[in-house]
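Participant: With the hints as your guide, set chain B onto chain Y.
Protein chains: 2
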Amino acid sequence: MIRIIGFDADDTLWRNEELFELAHERFRALLARYHPPAEVDRVLYATEMRNLPLYGYGVKGFNLSCVEAAIALSEGRIAARELEEILATGREMLAHPVELLPGVASMVPALTRDYRLLLITKGDLHHQERKVAASGLAGHFQGIEILSEKDVPTYERVLRRHGVSLDEFVMVGNSLKSDILPVLALGGAGVHVPYHLTWQHEHVEEAPAPPARFRRIGSLAELPAVLPHL
Amino acid sequence: MIRIIGFDADDTLWRNEELFELAHERFRALLARYHPPAEVDRVLYATEMRNLPLYGYGVKGFNLSCVEAAIALSEGRIAARELEEILATGREMLAHPVELLPGVASMVPALTRDYRLLLITKGDLHHQERKVAASGLAGHFQGIEILSEKDVPTYERVLRRHGVSLDEFVMVGNSLKSDILPVLALGGAGVHVPYHLTWQHEHVEEAPAPPARFRRIGSLAELPAVLPHL
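Same order as they appear, the protein sequences are chains Y and B.
Note that this note's numbering has the first sequence beginning at 701, numbered continuously upward.
Note that this note's numbering has the second sequence beginning at 701, numbered continuously upward.
FYI, nobody ran anything at the bench for these hints, they're computed from the structure.
Now the stretches of chain B that chain Y is said to cover, found in silico as 3 or more residues with beta-carbon under 8 Å:
| # | region |
| --- | --- |
| 1 | 750-756 |
| 2 | 779-790 |
| 3 | 818-832 |
Every beta carbon over 10 Å from chain Y, so not counted as near; a handful from chain B, in silico:
| # | residue |
| --- | --- |
| 4 | ASP741 |
| 5 | LEU800 |
| 6 | THR812 |
| 7 | PRO853 |
| 8 | VAL858 |
| 9 | VAL904 |
| 10 | PHE914 |
| 11 | LEU923 |
| 12 | ALA925 |
Label pairs and their computed distance ranges (CB to CB):
| # | chain 1 | residue 1 | chain 2 | residue 2 | range |
| --- | --- | --- | --- | --- | --- |
| 13 | B | ASP851 | Y | GLU902 | 32 to 38 Å |
| 14 | B | HIS840 | Y | ARG742 | 43 to 49 Å |
| 15 | B | ALA795 | Y | PRO853 | 19 to 25 Å |
Being a predicted model, the structure only gives us computed values, none of them experimental.
Positions of the beta carbon are idealized from the N, C-alpha and C atoms, including for glycine.
With the rest of the complex left out, here is chain Y (with noise of 0.2 Å):
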């Protein structure tokens, strides 16, 4: 029987997928001149993934991944002031105000009367902080979690901290590969809020989920009908 839920934040509470979508428009747009959009995106994101073990998750890395990919697409040719655009749109990215989900402001604090909640997200510990504060939701959470990544470990580790117990543990979030597989392959239950957007990072096959314990929702709204059947 469920008692704590595990909540992600980016894309499950709130909107953020946009803001990186909206982003890779401008740079897309910023490096027409030089090459087709799809170049320009397989060289953006070889970029990321080459730097995502030094910078971590995050607009500022992103941000600075974008620097670098567009000196490179451009081999050097790219003028400071349009380089400056980019690190515009990352400022501007990190002060965009939190856009709460349908139903998300109404439904967490209700769930606080039947569940103990967790907010367990991965990236930058400033800004995802700073999102959390500007929620409003921080209240309702008994714990917080800001994590470098989410896996197997780490989710043992937050879970041991707060003396949480498997069978009473679901994960509730928009990313199979980061909130939903390493739970349930400790155990846990999770519950799949896909969002319309998705990163090509977080992207994963299907997995062949234990049919109990798992479930997929169109809306966060149906939450609540399905915990006691996890």
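Facilitator: Just chain B, lined up with the frame of chain Y:
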């Protein structure tokens, strides 16, 4: 009587500020044909401070501010290839091996015989985690806390989480502002180990510390001798 020691990490257990110093030197050299060193430093620091609420602490934010300041200082005339040099310096800083300060490798394990140790550091989550792992010291700490800021509320939260009573706690670090003053304000003890380099932002006027629970030592080697007197 002290039972728990909190250690700062950067410039307390391992070298850090030298890497920023080197990055500053390269930055001054790159901008030398536009402005004298003092003006270059002034604009870079102003850029860093303006961006701090968005970027937080750490190498990635610093690196982004360097690119922005270089474009501003050169009025957009700097070449993309020169900006790529700034990016390369940032990646070098992140990839740099962790160099423990003298005596740390033997002192930290030795202290665990009589004290519980906590590592309490601020900055970029991903980079700090990588440095903690690379230091080889992680196993000696009962808790590792990576914070976005080190002030009175964050120390209170961390010490509560670890069940630490302030009369048995001492914080050891190189920054009066981040390591010592907030802990003294809470009623804990502080041992200041100045480092030969201090980032401008960490400078504070010398504080009139309560005499009983504050010591300044010349090097970490003196720490075991002062602990019984705090």
